[in-house]
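Chains as they are written, first to last, in our numbering: chain A, 268 to 874; chain B, 1368 to 1609.
Do not take every clue at face value.
Some, not all, of what chain B presents toward chain A, calculated at C-beta under 8 Å [stated by the list, open to error]: (1) Met1463; (2) Glu1467; (3) Met1470; (4) Gln1580; (5) Arg1583.
Calculated from the structure, these hints are not laboratory results.
Predicted model, so just to flag it, every value in this text is computed and none were measured.
Note that the Cβ used here is the ideal one computed from N, Cα and C, for glycine as well.
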Amino acid sequence: MGPWFDYTVNGLVVGNIYALLAVGLALIFGVANLINFAHGSVFTVGAYLGWTALHYLHTPLPVTILLVAAGSAVVGVAIERFALRPLNHRSRIAPLLATIGVSLVLDQAVQLIFSPDPRALPSQLPDWRLPIGGVTIGALDLLIAGVGLTSAALLFGFLRFSKLGWAVRATAQDPDAASQMGVDTNRINAVVFAIASALGGVGGLLVGMFYNSIDTTMSFDATLKGMVAMLLGGLGNVPGAIAGGLILGLAESYGIALFGTSYRNLFAFALLILILMVAPNGLFSRRRELPPEPMTGTFVAPSRPLRLPRPALAAIVVVAALFPLVWNQPYVLQTLTNALLMALLAFSLTLVSGTVGQISLGHAGLLAIGGYASGLLALDHGWPFVASVPAAGLSTAILGTLMVLPALRMTGHYVAIATLGVGEIVSLVILNWTGLTRGPMGLSGIPIPAIGPIELDTPRALYWVVLVLVVLLGLLQVRLLSSHLGRTWRAIREDEVAARAYGVEPLRYKAMAFAFGGFGAGIAGAIAAHLYSYINHETFNTQLSILAITVVILGGLGNVLGAVLGAVLLVALPEIFRAAAEYRMLIYGIALLLLIRYRPQGLLGTI
Amino acid sequence: MSASPLLDLVGINSYYGPVQVHFDVSISVPEGKIVCLLGGNASGKSTAMKAILGLLTPRSGRVTFMGEDITGLPPPQIVRRGIASVPEARRLFPAMTVRENLMMGAYLRRDTESVAKDLTELLDRFPRLGERLTQRAGTLSGGEQQMVAMARALMSRPRLICMDEPTMGLSPLFVDRVLELIGDINRSGVSVFMVEQNASQALSIADSGYVLQTGRIVLSGAASALLSDPQIRHAYLGKTAA
């Protein structure tokens, strides 16, 4: 008893919240075959709706809960109707990316309305605790458990005994057959989004009350935890999701007790990767019940890419090279350098996600590895810039490939989730491996780039160095794409089974793509580290990974020139119009949504 | 065929993307009859079914049901008008119980009491299903699943049932049983349109038939006439022309 009992209670309470999230994700996955990355944003919206109701309307708790449920349900229905339904007949990765766009828009909207500062969300409940053999359980703990149990029971009854519930299950099992029974599957989707979002929103309210604090960064964490809990129970398995939530809550609680809070998320993600590797159908599926997922990597039919004639390309490079002579303004050049570094990352991502069709949501992790490798080599071992940067590229290629190796066997959604997890794990390992990485302090005083005795201390010189790298790596990648290797990569993307039937070993080729991509991304991270002179575990975060995927889609998946164009447009333009800085994520989110809907082949077309 | 038929497909041209699947296909199902559509693989049989059920909108041509144009209506609207379907490979909801599957057939009906009555009646007709009511549909044998699919279609009280290869993958014993049931269903006043590869057996219970070949109707007529047609015998019954 004693502290362990407290950890158990705490774990179950938090686990109940995870279960609320996971159940919603499982319901949505069931009928829409989609991992809803906007789920955590609805959770945040729910928390802020609750805060608004309490703060301005002084509603009593039951009314607040109902208001939050209703408001979140409306948000959920709107997401389904306006962001997802138009994509009904697209491949499944398109709606997944759309939910990422929605989450950016919702998060930024909440931030603009309520400011990013955390707010207190008092629990309103009497400060009363139930003593049980030396320890106590609070009223809020009981409320959370009660809400969790009640919603699970209601949901069970709904799915099992109501006609609409049958229609939900029928749609999840076979949407075509359900519609031949007269089920309006669009309406079922809307119903499911409403229920899932109501549960998620109430979860947000309860978490806010539990910690007596809400802020706009809760979303991402909520999505991830809900996703891990759902995967534990098995994709789309509703009862499994409840169990998964409780297991995750307990595992975290005990883990924190043993190792400390900074390990909290590391547990969740390690569990995620482990589940994906050993039991991708969850802990409770007796056998492989899920039909193999069809290819989801390619989400655009190959379009006719815009091909610039060589002289035009050469002219662009010359103009880019001469640009600093004409307009030598440090701020503009720094911005363009940042855009070019993004282009290097985008080369890597467009190769992996566009050419080979493995959607990676953790690509910024590669930048982090490169940045830390070069930074540490320079700081601790005195390596010169010209040596530490290529070394960083190599180590990123090796480490990055090793880390995604388990993900390479997976397809579709699983790759996206696994890479997301790997990206987070990189950042968490950096945070916790204090002996090597200096932990939360980060690396400071990383020397400025220098080639031999010449310090590249002007924005102009740096710009040129990065430009040369972009041109060289870009040409190399274009060359690779038209080689035997490039054709094999595309064959794997188009039809992995067919490629295998022709003797292609997909794992090896996917690993080669990650290695080549990792090299470029590592170099980009290394240069960025020297450029910023300070980096920490949050410098290269998942937001950056999401931005990278937007850049790549904007340019056209697989399109090397498109990667440069996308990077310049999305990184440099908002920076130049600085007034828009606080709307930047909103712009990214809307850009992503519009692109997926109206121009999935990107500006320059897919290759 | 003087009165206007129950279901009428007139000059249907359908496409999958750029590929044309049907060329001016016209089919009539008169009230109270069994009509079968025969054809080999990729002849466009199942696509014809999809055009009727609203799963695919033909580029030109008309589908009318009881004199009303239903071309391009969404599937629920078509079910509401009295067309039920027994899809290819049955397509039961495998994780739902037999009872829940049957109730899904009555999804659009609001008359709860007569739904319950219909269910009891159906269970008298398919006693085997009564024993399996609480079992998951996915655990039944192929023949039993076919029974559930047919009973599920009847639960909507349809005027017309469309069946896509109802005997596919069944043991010979069950094939006879299913054909017998189709005859029963028809005698109870429900018209039947069925798509089949198994020509001789389909024609043995049908009133009339059509033969579809690479998207065109190449032959049609009364079932008895088709059964003795040398072309049919040669192409579909595996017998050389007499």
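Check your understanding: Of the hints given before, which are not true for this structure?
Key -> Structure breaks hints 4, 5.
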